[in-house]
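**Student:** Single-letter residue listing:
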Amino acid sequence: AQTVTQSQPEMSVQEAETVTLSCTYDTSENNYYLFWYKQPPSRQMILVIRQEAYKQQNATENRFSVNFQKAAKSFSLKISDSQLGDTAMYFCAFLFYGGATNKLIFGTGTLLAVQP
Amino acid sequence: EAQVTQNPRYLITVTGKKLTVTCSQNMNHEYMSWYRQDPGLGLRQIYYSMNVEVTDKGDVPEGYKVSRKEKRNFPLILESPSPNQTSLYFCASSSLDSTDTQYFGPGTRLTVL
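Protein chains in written order, with the working numbering: chain H, 71 to 186; chain C, 226 to 338.
Source of the hints: derived by calculation from the structure; they are not laboratory data.
Fair warning: there could be bad hints in the mix.
Stated by the list, open to error - When the alpha-carbon atoms are kept at most 25 Å apart in a straight line, the in silico SDA-like pairs for lysine to any residue are as follows:
| id | chain 1 | residue 1 | chain 2 | residue 2 |
| --- | --- | --- | --- | --- |
| 1 | H | 125 | C | 320 |
| 2 | C | 282 | H | 71 |
| 3 | C | 294 | H | 186 |
| 4 | C | 282 | H | 98 |
| 5 | H | 173 | C | 300 |
| 6 | C | 243 | C | 231 |
| 7 | H | 173 | C | 334 |
| 8 | C | 296 | H | 71 |
| 9 | H | 173 | C | 240 |
| 10 | C | 282 | H | 101 |
| 11 | C | 282 | H | 72 |
| 12 | C | 243 | C | 269 |
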């Protein structure tokens, strides 16, 4: 069974600095997707970035980028030039492409606080 | 605007009183799913549907029912709610092509007394 682990329950960063959130996962599958979702105080789940496992190039979206290490089963999120609006819970998630359930498997989340 | 909507957003009820949380999407997605979010546990799948009239259990289906009579709607039914179903509930949808990104509704905060 697939599992996703986020080992940092809480993190803090100063505004304008860079922070990296860690995520590891366990799977025997080869075709899958990885996601980072952001959940601000409004509770909305917002897609930040996604990575297809077959792509070697790391995904980037503006100030957000990932470091995808397939062999190590690691998928960290880097936030550059942190802004106050980045304060949120961040969830790492795994999806096995072509599986019977199309289920997203979530980590337990990292609560990020951006300090002014 | 492409979106997933849920109603109600907040609900306080009592043990045993049947309730339904509605979910609707306007993106013509085949796949829809319900998750519950609890502190320290992340989100866990309750039920999912691959298409109209096709539903199946997720990881935590006990105490819940769903139906998929129309492509756009996927209601979550609690026939006899109990306090352990107090949680934050999310509906999500996606296409079943290679993109597979799931889009989430705004969430429903349910409290069962």
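**Student:** Starting from residue 125 of chain H, check that the Cα of residue 320 of chain C is at most 25 Å away, please.
**Tutor:** The hint holds at about 21 Å.
**Student:** Please work out if residue 243 of chain C and residue 231 of chain C have their alpha carbons no farther apart than 25 Å.
**Tutor:** 17 Å, holds
**Student:** Does residue 334 of chain C sit within 25 Å of residue 173 of chain H, going by the straight-line distance between their CA atoms?
**Tutor:** 22 Å, holds
**Student:** Just to be careful, I want the Cα atoms of residue 173 of chain H and residue 300 of chain C compared with a cutoff of 25 Å; is the pair within it?
**Tutor:** 18 Å, holds
**Student:** For the pair we were handed, residue 173 of chain H and residue 240 of chain C, check the Cα-Cα distance against 25 Å.
**Tutor:** Violated: residue 173 of chain H and residue 240 of chain C sit about 29 Å apart, past 25 Å.
**Student:** Could you grab the alpha-carbon distance between residue 296 of chain C and residue 71 of chain H and see if it respects the 25 Å cut-off?
**Tutor:** Given pair residue 296 of chain C, residue 71 of chain H is violated - Cα atoms ~30 Å apart, limit 25 Å.
**Student:** Holds or violated: residue 294 of chain C and residue 186 of chain H, Cα atoms, limit 25 Å.
**Tutor:** Since the Cα atoms of residue 294 of chain C and residue 186 of chain H sit roughly 49 Å apart, the hinted pair is violated (cutoff 25 Å).
**Student:** Hinted pair, alpha-carbon criterion (25 Å max): residue 282 of chain C, residue 71 of chain H. Please report holds or violated.
**Tutor:** Measuring from Cα to Cα gives roughly 16 Å; hence the hint holds.
**Student:** Between residue 282 of chain C and residue 101 of chain H, is the straight-line Cα distance small enough, at 25 Å or below?
**Tutor:** 23 Å, holds
**Student:** Could you grab the alpha-carbon distance between residue 282 of chain C and residue 72 of chain H and see if it respects the 25 Å cut-off?
**Tutor:** Given that 25 Å is the threshold and the Cα spacing comes to 17 Å, the pair holds.
**Student:** Hint check: residue 243 of chain C vs residue 269 of chain C, CA-CA at most 25 Å. Holds or violated?
**Tutor:** 22 Å, holds
**Student:** Regarding the pair residue 282 of chain C and residue 98 of chain H, is the alpha-carbon distance no greater than 25 Å?
**Tutor:** Measuring from Cα to Cα gives roughly 23 Å; hence the hint holds.
Going down the numbered hints, you'll see the structure goes against 3, 8, 9, while the others check out.
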